[in-house]
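Engineer: Spelled out, the chains give:
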Amino acid sequence: MRYEAVIGIECHVELKTASKMFCGCANRFGAEPNTLVCPVCLGMPGALPVPNAAAIEYMIRAGLAFNAAIPSFSKFDRKNYFYPDMPKNYQISQYDMPLTQGGVVRYWLEDGTLHECRLTRIHLEEDTGKSTHAGSGDGRIAGSAYSLVDFNRAGVPLMECVSEPDLRSAEEAVAFLEMLRRTLMAIGVSDVKMEEGSLRCDANVSIRPFGSESYGTKTEIKNMNSFRSVRRAIESEIARQSAMLDAGERIVQETLGWDEANGTTISMRSKELAHDYRYFPDPDLVPMEISAERVSAVRAKMPPLPIERFERYTKAYGFNIKQTAQLIDAPEIAEFFDRSVEVSKQPQQTQNFVLGDLSRLANESGIAIHQSPVSPEHLGELVALVEAKTINSKIAKELLARMWAGEGSPKAIVEREGLAQTSDPAALARFVDEVLAANAASVAEYRAGKSNVFGFLVGAVMKSSRGKADPAAVNALLRERLGG
Amino acid sequence: MATIAKSAAEIARAVNARECSAREMIDATMDRIAAVEPQVGAFLSVLERQARESADALDARIAAGERFPLAGVPLAVKDNLALDGTVTTCGSKMLERWVAPYTATAVRSMLAAGAIPVGKANMDEFAMGSSCENSALGVTRNPYDLHRVPGGSSGGSAASVAAHEAAIALGSDTGGSIREPAAFCNLVGFKPTYGRISRYGLIAFASSLDQIGPLTRSVEDAALAYDAMAGFDPMDATSVDRSVEPTAGTLREDLHGLRIGVVKQFDTHKLGADIDDVYDRALHDLEALGAEIVEVELPTADYGLATYYLIAPAECSSNLARFDGVRYGLRVDGVDVAEMNERTRAAGFGPEVKRRILIGTYALSSGYYDAYYVRAQKARTLVARDFAKAFEKCDLIAAPATSSPAFRFQSKSDPYSMYLMDYYTIPMSLAGLPALSVPCGWVTPEGGERPMPLGLQLTAPLFAERPLLAAAHAYERATMHAAKHGTEVVEVAR
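These protein sequence lines map, in sequence, to chains A and B. Counted from 1, the first sequence has number 79 at position 79 by this note's numbering; the numbering is strictly sequential. Counted from 1, the second sequence has number 196 at position 196 by this note's numbering; the numbering is strictly sequential.
Some hints here could point you the wrong way.
Said to hold, decoys possible - Ranges of calculated distance between the beta carbons of each label pair, as one might list FRET restraints: (1) B:Ser243 - A:Arg168: 58 to 68 Å; (2) B:Asp370 - A:Gly211: 33 to 43 Å; (3) A:Ser267 - B:Arg355: 31 to 41 Å; (4) B:Val490 - A:Lys130: 33 to 43 Å; (5) B:Ser411 - A:Gln253: 48 to 58 Å; (6) B:Asp370 - A:Asp259: 38 to 48 Å; (7) B:Asp370 - A:Glu293: 28 to 38 Å; (8) A:Tyr95 - B:Arg477: 44 to 54 Å; (9) B:Gln265 - A:Pro33: 32 to 42 Å; (10) A:Ser212 - B:Asp370: 28 to 38 Å; (11) A:Tyr95 - B:Glu446: 45 to 55 Å.
To be clear, the hints were calculated from the coordinates, so they are not data collected in a lab. The structure displayed is predicted, hence computed values, not measured ones. Heads up, the beta-carbon is just placed ideally off N, CA and C, and yes, glycines get one too.
If we strip away everything but chain B, and leave its shape as in the complex, we get:
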C-alpha cells in the first residue's frame, strides 16, 4: 500500500521489498499534490509525467534485482537546483522560462539513490528571504497555518514535505534558508558542513556560504539523504576531498557522554515566556537523555548579521551579473546592449534582489572595499574562531533555530526585521559548520488560533555530521514533538 504519510526510510524499504511499487508511490503522491497544492502552493512546477516515467523505470530495475537506498522516495527539489530539461526559475521572473540544460550533482546523487523528483519547489527569489514572500512566481503557505509563511528561502521545499507532497525536499541554506523553514514547518532541516555536498548546479546566491541539504520529517530521513549526497565532486572546486562516513546506520537513542554547549549570548528569555519555556524544556530533555549541559561563549555572535549582510550581498552582486539578457532567461530589448542589460535587470529582478545587488556593489567598490568587505571577512574569521574555542568545551551547541514561530504574511514589512529572522542561524553559516533544526515544541502565537512548531538548532564542529545526526535522532525519538499536532491542510477530492 502506498501511503504518503510514510517516511522516506519506510518508503524505500517497502519499494525495495516490492510491497509497493515506485509507481504506486508516485501516483499516490500526485493525487496528494493535486488535492492540497491549491491550499499550500509549494511547487512552481510539478513533474507529473517525468515522475511517473522515472517510477516505471525504477520499478523495472528493482524487478531486475537492483536495490536503492531511497527507492521510490518522492523528492521535492528547490527551484534553484538544475534538473536537466526542467524549468528552473530561482523564483524569479529572470528565469521564469529557463530550462536547465544539465543536472546538479546533488540532484544526480539523489536520482542515483532512487529518489524521484515530483516537483520544483517555490523559494524566495534567488534564495534571498526568510518567508518565501520574495518569490516572484507564487505564494507558498505554511501547512500548519495557511495564514502564515512557511519560512524561507526554502519555503516551498519545507511546505511540500510538511504537507506530505514529498518525503524529502532539497533546499539550500546560505544564512538559515533550510533551518528556518524547517523550524516553521515542523521538520528536520539539515545544513551539512560547507563543502560536504557539491554546489555544482546550485544557482549561486553567495558562493562561500551556500550549502545544499535536506528537509525531512525525521532525522533518519535526513541522514539517508545526506549519505546519498555527501562527497567530493570534481566539478566543484570548493567541495571537500575527504572521506564521508555514512550516518544513517549510526543514529543513537541516548546522549550519554555528550557535552552540549548553550551559548551565553543567545539568551532565550527575551524571546518571550512561551518560547523560553520550550527551549528550557529542550535543554532538560537533552540532559535527561544523558548529555552534560555546559555554558559556552560566542562573543562575536552579535556581529554575525552585519558580517553576513556584507559578504552575501557582495558575492551575489557578482554572481547575479550573468543575468543580462544576452544568452538565456528574460530579455527586454533596448537601443543598445547597455540599455538591454539595464531594462532586463530592471524588469527581471525583484526589490529584495536589487537591494542586495546594490549593497554588494557598494561594499566591493573601490574606496569602500577595505572598510566593508575586508572587515567583514575578518569578522567572519573571528566568528569561526569563537566556535572553535567553544567546541573545546563541548561536542555540540544547542540554540534556537529562530526567534519566533512562523509569522503572518506581510507582517515583516521592513527588510531589517526580516533579516533578524536569521539571527541564530547566520553565525554557523559564516563558520561553515554543520547545523540542523529539529522540532522541539509548540507555541500558539499571540492572536493565532493554532499551535505552531519551533525548532531546536544543533551545531557540530566541521565535518562532525555523524555525531550531530546521531544526537538529533536521540532527541527526536525521546520527545516526538513533531507528531503532537497536525497540519491545517484538508484533502480536497479532485
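Excised from the complex, chain A in its bound form:
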C-alpha cells in the first residue's frame, strides 16, 4: 500500500548576537573550552540572568519574516530537568507566551512550485553546554570513563521554531529547512550552520493512507547533522513505517536517532517516560512588553526577504528557477543585482551581466562581486547604456573590465572618450563607403555569390569606426549598398 507522510519540523537556531542571552560573555563558536563563561552562564549560586535586548529584536525580525503574530506580552519560563551540561538544571525558555505565534514559511521546490508550511510558534531560550564522553569508543555516555563539559555554549541565545505537520515528503522538509535557513541568514539573525550546530533540527514523522484525514502514530527523529541526512532519515523512516503497517504491525511513539553510517533510525527512548518539566514563570525575569512601536521600528529595518525576491524574480522578471535560486542564495549578489536593476530598469540584461561577465571576473580574480570596485549603480548605468544603444555589447565588455579595474562610472568614460555608438546615417555611410572603396576585390567576390565575405566587410566597418558603429545599422547599410 502507498502511504502519505505527515512531517513536522522542530529546529533550534543559535542567534548570532555579540553576547550571550542572559550575561555579557561573548557568543562565539570554536573558542578554547570554558573560556567564554562567567558566574551567570555557569549557574553559580547567587548569579542572575538579564535578557539580551538584541536577541529579542532578532526574534521580532524572525516573526516578521514569517508573517507571525508578535504578541504585546511575553515572558520567560523555567523548564526544569537535570542534565550535567545544563548549569542551573533548568533551562530558561518560553512555555505558553512565546515571542512569536503562528506564521508561515513559504518555500519552493526544485520544479519552481511554491508551497507553504505553517509555523506553530517561535520561542527564545538559552542553549546548554556541550558534553564530551571519553573512553567509550563511540562518544556515547554509556561505557565512558569520564565526561567533560564545555560551557562556552551555555547561555547562547537559541530560537526554537516549531512547524505544523504540513510537510508531505522528505523533499518538502528539506526545501522548508532551506527556506528557513536562507531567510534567517537574510535577516541577519544567525549563521545557520548545521556543521557548527547553529542549526539543529528534529523531525516528527507519521504516515497514513492517502485520503485519510486522521494522523498516524508519530516518531521523532533526532541527530540529523546535514540537510542530506534529514532527507535520508525521513525517507528511511517513511519506508520503515510503511513496511510495518504493511506487515500489520503497530507503530510505537518513540524518539529515534539517525545513524548516518548505517543509514537507519535507531530507538533512543520511549515517549511514555516523558519528563514533567514543571514549567513556571521565571521569577528572576520580569515579563516583556513588546510595543507596537518597537515592532514597527524593527519592521522598518527589515532587509528584502528571499520569498519576496523569489516572487519578483520569477513573476515580474520572468527568471527561471535556477537563475532565481542562484541570486537569492547569494544574498549579497542579490542585493547588488537589485540595486543595479533600480538604475538599469532592465532585470534580464542586468542578470545576464551579474551571473555572466561579472561572475566570471569574480571567479578569475577571487574577489566577490559586491566587494569589487564595480558598484551596483555603475553596473546599472552600463546596462542602461547598452539598452539605449549608446554602446554596443563589445564596448560594454571592455568597459566592464575597466570598471573592474577601478575606473568608475561607465557613463563618464563613454562621455570622456567619445565611445558612444554611432548610428548617425551620414557618418555610417562614410565608414561603409570607405570600406567598400578599399576592398573592391571582396565586393566583387560577394557579388559573385561568396556570401561569407559579408561578415568580413561588417568587421572592417566596425574596425574603422573603432567599434562605435551600431552593428545592426552597419548590416542594413552594407546590404543596401551591395544591392543584396
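Given the structure of chain A, go ahead and fit chain B onto it with the hints provided.
Structural biologist: Frame of chain A; chain B shown alone:
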C-alpha cells in the same frame, strides 16, 4: 577611642574625623568577636586578615582626604551573600567549602561606602527557617538569653549585631527572615521594597520574595545602610529602575499628620496578656507622638502562610536544582551522573530544605500546577490588593513582628509551628512591601529568667521607605525600648 558599642553613624563620624582609625575599630571588633563568639556563635567564618587589611586601606584613603558614609563600620554578612574569595556556605553542607568567585552587588555597595566585612554570619540552611536551628554548620545563640534562639533565618546576622560583634549586619528576608530575628534580638530589622536592593549575589531561596536588608541597633543605622545599597542594578532584572531618595537625613522626631493603620485581623489579644500589653502600649506611644490610629482590614491575611508555603517552595525547588555535584560544592560520587546527583543532594541538604524541595516539586507538577501554584499566585495578588486598599486609609500599618519573643532551642519540634512564627511578616513579603521591626518592649516568657525583647512591625506602601524609616526613628527616639536591658553575653578575656 574605638568602642564597639557605638552606632554605625557614630563610628563613621569618628573615623571620617580621624578621631579613631578604621584599623582601631576593626582591632577592637576582632577582640570582641574573640571574647564572645564562643558563647554566641554568630559567625561561620571570621574575616580577620581581610578585615584588618581593608581597614588599613581605608585609613590610607581617609588620610588622603576621602570620606565614606560608613567609614570603618564593622559589617556582618549573612552567609548567603557572595563575597569574592570568602567561603559562602548558605549554612549548608552543600556549600561548606564553596569559595565565592564574585561579590554581591549589595555587599559591593557597602564596601564602597566604607563598611568592613568582619565575618560571614550563620543562618538557617538556604534561609529556610525561623530560628537558625536549621543551619548545618553551627549553633547561634540569642545574646539576650543564651538558651534561646536568635531567630532566623538571619540569626547569625542578628546575634552578631546584638552582641556588638558588628555594627551593621546584612540579612535577607523572604517571609520574615530579617524582621523576626531583629525582633528576637532587640534590633531594627529592615526589609525594603522588593526590587529596591539588587539580589545579584544573594543565593536564591525564593526569587520573587527574597530581599536584602540591614539589621542594626538603631533606625538611623538602618537608614544609612539602606541609602548605601538601594538603587537599580543592571545585573538584576528584577531590581527597580527608579530614583531612590536618601533617607538618613530625613528622619523625624514626631508623627504628626501620620495615619497609622491597625489590622483588624491581627488581634494581639490571643498572644497573651503580657504581649498584648506591649503592643497596646506601642499604639498609645504612636498616638502620643501625634499619629492618628485607624483600623484597617486585611481579609486575606490568613491565607498568607498557605500562599507563601506554595510559592516559596516552588521557586526553591527550581533554584536549588543547580546543587548537583557537577560544577561546585559537595560531590558524592556514584556509578553514573544520576546517582552522583542523588547521593550529593541526599548528603548535602538538611531535612527542612528537602521538605521544601519536595513540596515545591509537587506544587509545580503537571496536574497539580493549576491547583497549587497558580492558585497561590492568585491569592498573592489578593493579598497585595488588600494592602493597597488598606493604604487608602492610612500611611503606615503597625503590627506585631512576631507572635512571641525568642523561644528555647528545640521547642518548635514540628515544622508547622515553626512556620507560624512568620504569620505577621509573610503578608508583607507576598505584597513586596517595605517593612521593618523596631524594638517595642520586653516580656519575660513563661519559665524564662530574663526579659526578652519584642518588635513592632511597621509597613509602608511600595517604595515608601522614606516615611517608614522616618516614623520608626521618631518612635525609637521617643521610647528607647532597646536600651532598657542588656545582653547576657559576658566578655571573656582571651
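Engineer: Hint by hint, note whether the structure agrees.
Structural biologist: Structure-based check of all given hints:
1. The beta-carbon spacing between B:Ser243 and A:Arg168, approximately 59 Å, falls within the hinted interval of 58 to 68 Å.
2. Between B:Asp370 and A:Gly211 the beta carbon distance is about 40 Å. The supplied range of 33 to 43 Å therefore holds.
3. Between A:Ser267 and B:Arg355, the C-beta spacing of about 39 Å keeps the proposed range 31 to 41 Å intact.
4. With their beta carbons about 59 Å apart, B:Val490 and A:Lys130 fall outside the hinted range of 33 to 43 Å.
5. Roughly 55 Å separates the CB atoms of B:Ser411 and A:Gln253, a value that falls within the hinted 48 to 58 Å.
6. Between B:Asp370 and A:Asp259 the Cβ separation comes to about 41 Å, which falls inside the hinted range of 38 to 48 Å.
7. Take B:Asp370 and A:Glu293: their Cβ atoms lie about 35 Å apart, and the range 28 to 38 Å holds.
8. Evaluation of the 44 to 54 Å hint for A:Tyr95 and B:Arg477 yields a pass: the beta carbon distance comes to about 52 Å.
9. Taken as a hint, the range 32 to 42 Å is violated for the pair B:Gln265 and A:Pro33, whose Cβ atoms sit roughly 58 Å apart.
10. Taking the beta carbon of each, A:Ser212 and B:Asp370 are about 35 Å apart, inside 28 to 38 Å as hinted.
11. One distance hint, 45 to 55 Å for the beta-carbon pair A:Tyr95 and B:Glu446, holds here, with the actual separation near 52 Å.
Violated hints, listed in ascending order, are 4 and 9; each of the other numbered hints is respected by the structure.
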